[in-house]
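Quick mapping for you: the protein sequence lines, in order, are chains X and V.
When we follow UniProt numbering, the leftmost residue of the first sequence carries the number 1, and every step to the right adds one.
When we follow UniProt numbering, the leftmost residue of the second sequence carries the number 1, and every step to the right adds one.
Think of the hints as simulated: they come from the structure by calculation, not from any bench.
One should not assume that every hint holds.
You can't tell identical chains apart in this list, so a pair holds if it fits in one copy or across any two.
[To be verified] Derived pair list, reagent style DSS-like, types lysine-lysine, alpha-carbon separation capped at 27 Å:
#1 K198 <-> K44
#2 K125 <-> K153
#3 K198 <-> K32
#4 K125 <-> K186
#5 K178 <-> K32
#6 K125 <-> K198
#7 K60 <-> K153
#8 K186 <-> K153
#9 K60 <-> K198
#10 K186 <-> K198
#11 K186 <-> K60
#12 K44 <-> K153
#13 K44 <-> K178
#14 K44 <-> K186
#15 K153 <-> K32
There are 2 protein chains.
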Amino acid sequence: MKAKTKRHADPELAQARRNQVLCAAAECFKRKGYHGAGMAEISKMAGMSAGHIYNYFASKDAIIESIIQRDMEETLSLFQEFEENPGDLVTILIDGLDDAVVRHTDMDNKALSLEMLSEGARNEKIATLLQQSDTESRERMRNLLVGERGPLKASSEREINARIEIMFAMIGGLLLRKTLNPNLDKEGLLIALRPAIKTLLLPFE
Amino acid sequence: MKAKTKRHADPELAQARRNQVLCAAAECFKRKGYHGAGMAEISKMAGMSAGHIYNYFASKDAIIESIIQRDMEETLSLFQEFEENPGDLVTILIDGLDDAVVRHTDMDNKALSLEMLSEGARNEKIATLLQQSDTESRERMRNLLVGERGPLKASSEREINARIEIMFAMIGGLLLRKTLNPNLDKEGLLIALRPAIKTLLLPFE
């Protein structure tokens, strides 16, 4: 699932330039929406000519694909941390919630994520990328929950899927809360988030 | 919080025409995004001249404001049902989840809601309307939970707020799940949604 990017003589410089474009584009998409932001604007924000940008990304779609890929890599490295941590799995996942709240209520990330999800409802290519990334996350979560040290080895497939969906809905839904409640008490959220997630990580009574 | 709409001689006909515009606009916003959809397109989809539309809505913003207002009225009528139902409150709210899942995973509603939330990250007027609607919903939920027959009369204000935020994140987050997982087992979701919401409706152990 690598976004198509062209090859360059100096890989490090090319990577730095690509990042420069991705950051500028992310800012433009947040401000104007994916549809509203043109290559001319991205080029201006990045301080690079449009022609120069086309050396790194074939299109605006290629740019948003790279942004999605970068997000996915971040998520997957989180799962790797969980997998490699030898402690009690439920404790590890509950402790990870502090970080999840920060990441999902960060204004900058939030606006861009909503924009991508919103664009995914229209743009099939973007929807496919978001779905591939989500499938991988669900699979990693599933392996944690029913794996050797998992708390839910006895649960049915359908129940496991439902638990993962509702956990992901809850965490993903935090993206919406900051838009809808600017006075959100972010740290206070954990008072309720921890018990709710714990219910979903342990066998139902 | 009434969107500004002009007065007309025949109120019923005017209402029908307004609905015609709202439906056409909702469809255009879903297909092209709020930024991408122009008045010309809305006019074509509605089968009405742009001049005729301007008799009912002063601008594209006035149209999306009316859509948000309509959604809010739907939500508030739901709260009214909960308030007027004399049964056990926790049971009533848990039973209401079936309907919540249907409404939040309906493809048509979903795409438009994400578009509005995404636009809310950029457009202050839309953000304000969404926030007013959310504040009212939180207030109604709070009154149910700590009211005379509420299950959480003994909880602190901060805890109540956290519970409501996480419940709303979970339900709102369902909007994202159908985009991210097209094979979503909608009915199966309730297996995990009911216990998670129940945890948030009853005192923590």
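Structure-based check of all given hints:
{"no.": "1", "hint": "K198 <-> K44", "in the structure": "neither (47 Å within a copy, 51 Å between copies)"}
{"no.": "2", "hint": "K125 <-> K153", "in the structure": "neither (35 Å within a copy, 49 Å between copies)"}
{"no.": "3", "hint": "K198 <-> K32", "in the structure": "neither (39 Å within a copy, 40 Å between copies)"}
{"no.": "4", "hint": "K125 <-> K186", "in the structure": "between (34 Å within a copy, 24 Å between copies)"}
{"no.": "5", "hint": "K178 <-> K32", "in the structure": "both (19 Å within a copy, 25 Å between copies)"}
{"no.": "6", "hint": "K125 <-> K198", "in the structure": "neither (35 Å within a copy, 38 Å between copies)"}
{"no.": "7", "hint": "K60 <-> K153", "in the structure": "neither (44 Å within a copy, 53 Å between copies)"}
{"no.": "8", "hint": "K186 <-> K153", "in the structure": "between (33 Å within a copy, 23 Å between copies)"}
{"no.": "9", "hint": "K60 <-> K198", "in the structure": "neither (41 Å within a copy, 44 Å between copies)"}
{"no.": "10", "hint": "K186 <-> K198", "in the structure": "both (19 Å within a copy, 22 Å between copies)"}
{"no.": "11", "hint": "K186 <-> K60", "in the structure": "neither (34 Å within a copy, 33 Å between copies)"}
{"no.": "12", "hint": "K44 <-> K153", "in the structure": "neither (53 Å within a copy, 56 Å between copies)"}
{"no.": "13", "hint": "K44 <-> K178", "in the structure": "neither (30 Å within a copy, 36 Å between copies)"}
{"no.": "14", "hint": "K44 <-> K186", "in the structure": "neither (35 Å within a copy, 44 Å between copies)"}
{"no.": "15", "hint": "K153 <-> K32", "in the structure": "neither (46 Å within a copy, 44 Å between copies)"}
The structure does not agree with the numbered hints 1, 2, 3, 6, 7, 9, 11, 12, 13, 14, 15 stated previously, though it agrees with the rest.
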